[in-house]
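Just so you know, the protein sequences line up as chains A and B, in that order. Residue numbers for the first sequence follow the numbering used here, beginning at 1 and rising by one. Residue numbers for the second sequence follow the numbering used here, beginning at 112 and rising by one.
Some hints could be false.
DSS-like mimics (lysine-lysine), calculated; alpha carbons at most 25 Å apart, straight line [as the list claims (entries may be wrong)]:
1) B/156 - B/207
2) A/57 - B/207
3) A/57 - B/156
4) B/156 - B/113
5) B/207 - A/69
6) B/207 - A/71
7) A/65 - B/207
What the hints contain is simulated information worked out from the structure, not anything from laboratory work.
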Amino acid sequence: EAQVTQNPRYLITVTGKKLTVTCSQNMNHEYMSWYRQDPGLGLRQIYYSMNVEVTDKGDVPEGYKVSRKEKRNFPLILESPSPNQTSLYFCASRRLSNEQFFGPGTRLTVL
Amino acid sequence: RKEVEQDPGPFNVPEGATVAFNCTYSNSASQSFFWYRQDCRKEPKLLMSVYSSGNEDGRFTAQLNRASQYISLLIRDSKLSDSATYLCVVNEMTDKLIFGTGTRLQVFP
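Take the sequences, apply the hints, and build the full model.
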């Protein structure tokens, strides 16, 4: 089944404790993105990658890192999480100019 | 001005009603347009692309007006299962997707 998977789905952590949210897609898509979704603000792009070893900042990259060592994986790293990073996070993938597929979301709470 | 603007709603309509949502975009060079559907606490999923000549998929009709820079979604014969948030999405020349904040639809019996 074609899909985007994310783990964990739910995470409660404390300020400053490094965490990684994994993302994997099995559709051989070149383009992958991370978004956060907050009430009233919609989906905002954090980082994106157009292919292996090619990453770039989106609209809200501060406090986040990503890597793209393999085509299928695009982990999101929070080196020192803060409460303002409490949000619903979505990973997504697509071929350029095509339908975007989203992962199921990761609900993160930073205390 | 926001790049993509939508009325947040909620639109509360009875089953069987026809409802329409509009969305405006600011970048006249935008290349392609979509409607996504998002159920509560779930991921967005593509509902339909929007073509220049307008297009229909069952009870759903999408229209694009490039001159006025808006797109619309019409839902006929609303079902309870249509209750969701509808996201307007614009693909700019750089192939970046810009999402609206969504319009919430609630269909009641």
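Hints not upheld, ascending by number
No numbers; nothing is violated.
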